[in-house]
Amino acid sequence: MANALEAKNISVQFGGLLAVNNVTFDIPNKSIVSLIGPNGAGKTTFFNVLTGLYKPSAGKIVYGGKEITDLPPHKIAEIGIARTFQNIRLFGLMTAQENLLVAMHSHLKSGITATILRTPRQRKEEREAEAKAQEILDFAGVGKWTHEFARNLSYGDQRRLEVARALALNPKVLLLDEPTAGMNAQESQVFIDFINKLVAERDIAVMLIEHDMKVVMAVSQRITVLDQGEKIAEGSPAEIKSNPRVIEAYLGKPKAARK
Amino acid sequence: MAKTTAPSNVAKSNRKWITGYSIIGVLLFITYQFLLPWEGLPLGIYDAIYQWMPPSAINESLVYIIMALGLNIVVGYAGLLDLGYVAFWAIGGYCAGWFMSEFFYFLNINFLGSVPAEAPGIHINFWMVLLIGGFICALFGILIGAPTLRLKSDYLALVTLGFGEIIPQVFFNGENFFGYNISNGTKGIVMVDPIPVGVKNLGPFDFGWKLLIFLFLTAVMVFISLRLRRGRLGRAWLAIREDELAASMMGVPLMRTKLSAYAVGAFAGGLGGVAFATHVNGVYAERFNFTISIFLLAMVVLGGMGNVWGVILGAFILSWVNGNGLTAFGQLYNDRFGTDIDFASFTFLLFGLVLILMMLFKREGLLPESRLKLMLHEGELDDEDASSSKKKVGK
Chain A
1 MANALEAKNI SVQFGGLLAV NNVTFDIPNK SIVSLIGPNG AGKTTFFNVL
51 TGLYKPSAGK IVYGGKEITD LPPHKIAEIG IARTFQNIRL FGLMTAQENL
101 LVAMHSHLKS GITATILRTP RQRKEEREAE AKAQEILDFA GVGKWTHEFA
151 RNLSYGDQRR LEVARALALN PKVLLLDEPT AGMNAQESQV FIDFINKLVA
201 ERDIAVMLIE HDMKVVMAVS QRITVLDQGE KIAEGSPAEI KSNPRVIEAY
251 LGKPKAARK
Chain B
1 MAKTTAPSNV AKSNRKWITG YSIIGVLLFI TYQFLLPWEG LPLGIYDAIY
51 QWMPPSAINE SLVYIIMALG LNIVVGYAGL LDLGYVAFWA IGGYCAGWFM
101 SEFFYFLNIN FLGSVPAEAP GIHINFWMVL LIGGFICALF GILIGAPTLR
151 LKSDYLALVT LGFGEIIPQV FFNGENFFGY NISNGTKGIV MVDPIPVGVK
201 NLGPFDFGWK LLIFLFLTAV MVFISLRLRR GRLGRAWLAI REDELAASMM
251 GVPLMRTKLS AYAVGAFAGG LGGVAFATHV NGVYAERFNF TISIFLLAMV
301 VLGGMGNVWG VILGAFILSW VNGNGLTAFG QLYNDRFGTD IDFASFTFLL
351 FGLVLILMML FKREGLLPES RLKLMLHEGE LDDEDASSSK KKVGK
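Keeping their order, the protein sequence lines are chains A and B.
Counting in the numbering used here, the first sequence runs from 1 upward without gaps.
Counting in the numbering used here, the second sequence runs from 1 upward without gaps.
If we strip away everything but chain A, and leave its shape as in the complex, we get:
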């Protein structure tokens, strides 16, 4: 299976702190992979490298056969790597629809003059964009909130809207940073179904950062474990569950082994 995204030997250094140390990670096409690890393991930092927010101190990122390590964040988003945030970062005072239209910014073409004159082409483009936004909102299950300010939505709907906004970029790779944080078991299940549906129906690969092991084990085809910036394990959910290094990273060393 070809890879949608490959990150090779990524290291990120903040001053004296090596936040991510020589991590190689790839996301196969149409797959769901997870990145887990204790707090401070470097998961979100790794995400920020993939989306261009941080530049890695070493290593490179290849997307669709091209190196994208040095592209600015908006370019990376434009070519098809979309993300959500650990703490929701919607445009709260813009409607759900506007949130999606912002994400379509790079795919729309109307310039200043066309917008001022409202040329037929600009109007057509806007209409089509709005229709597409509605389609994505419906798909994400927040279709009834089209004209509602994002901040007025319930927590779960905001999470869904954030995914919808990322989908509006028409991405090949979707990076979700703790998408079920703060959800109860039932909401998480709805979300799992949604992710599965997403990958089944669209040409998209999903990478999750997640603390909820139930979710991770349920959706992931492959799990990678980071601890203190280093990759300590990678494999299927079953393999990860029984990996002693993973258990150690999460629960600490057994007493007998401590010196």
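Rather than coming from a laboratory, the hints here were simulated on the basis of the structure.
A few of these clues could be false.
For each label pair, taking beta carbons as the anchor points, the in silico distance ranges come out as [stated by the list, open to error]:
{"#": "1", "chain 1": "B", "residue 1": "Leu143", "chain 2": "A", "residue 2": "Leu251", "range": "51 to 61 Å"}
{"#": "2", "chain 1": "A", "residue 1": "Ser154", "chain 2": "B", "residue 2": "Ile23", "range": "41 to 51 Å"}
{"#": "3", "chain 1": "B", "residue 1": "Leu143", "chain 2": "A", "residue 2": "Arg118", "range": "26 to 36 Å"}
{"#": "4", "chain 1": "A", "residue 1": "Thr119", "chain 2": "B", "residue 2": "Lys16", "range": "49 to 59 Å"}
Glycine is no exception: its CB is placed at the ideal position from the N, C-alpha and C atoms.
Place chain B on chain A using the hints.
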């Protein structure tokens, strides 16, 4: 939690404003062009208009409105604090000075100008100079913005402050700019060409007709503001105002989007500059000082950032108080109570007081944009929520 207004209302009101605006505009024009010179007009009304809102004052306030609308795009829409907007006003003004006067007396260029062809200097048609001034300012907006817009808000404000000082100073000392006279220095460029409108040329005292022209320019800026606001670019500006990082992660190129806000804002500054030069019939370097930048910013904040109608109201009120209102009020007060207080000298005290009171009790301005009102009042309601969510961010 406040609910959203349906956007269909917005679309409708967008169409409606042109009608309302035209009616008010025509009424104003009739008042100043025909009613005021009419001999049958009771002397009381005539005096009252001249005391409270003389023709020159209303024209000047329209120039302020044009520029406040431009600043609103930068500050209100894109959320970039600009403390040096006067620079664009100055550049626009000198565009009028250069291209519509005898300043370059050694040249003889006349392109549809309103003066005889043999007159020395560059004489380009007013309407073209408007565009030239607008575009030169937009260009300067990009030139100034390119190195500065990478800065975060506070630093950006400081650097724009610098540019707002530098450019007027260049003109102020421009009598010898590397050996060339670009501005006539403190003497200024006196006498710009009248405005040609086909049948006649509008000199400095054709207030009524110029009122119509300034009203038209204001309408153009309102139109541009409203249209851009609802389009692709306006959404990107808003997104940047809300969350720069998230916007860039959603494919919005920050630099280019901010630069376009700067350029469009500066364009309006150019229009205002050219209009002001024709209004005062000259370009005077000392008029372009730092207080103007703050004054314009106060108009935008007082009226309601992001809402063109609020900004118009704010600009109108402040320029009126600054120009005529306070003096007229002072006269009335002194006559009534036999006092001798120089009210006009308290202008800035009053402005300061009003701004403080506004910040305390009505931060969103007189006619706020609905979104901004929500945002500014959010802090009061759930400060605790905000502090706990900050902790989350830090994680």
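Verification of the hints:
1. With their beta carbons about 59 Å apart, B/Leu143 and A/Leu251 fall inside the hinted range of 51 to 61 Å.
2. Hint check: A/Ser154 to B/Ile23, Cβ distance near 45 Å, so the stated range 41 to 51 Å holds.
3. The hinted range of 26 to 36 Å is satisfied by B/Leu143 and A/Arg118, whose Cβ atoms lie roughly 30 Å apart.
4. Taken as a hint, the range 49 to 59 Å is violated for the pair A/Thr119 and B/Lys16, whose Cβ atoms sit roughly 22 Å apart.
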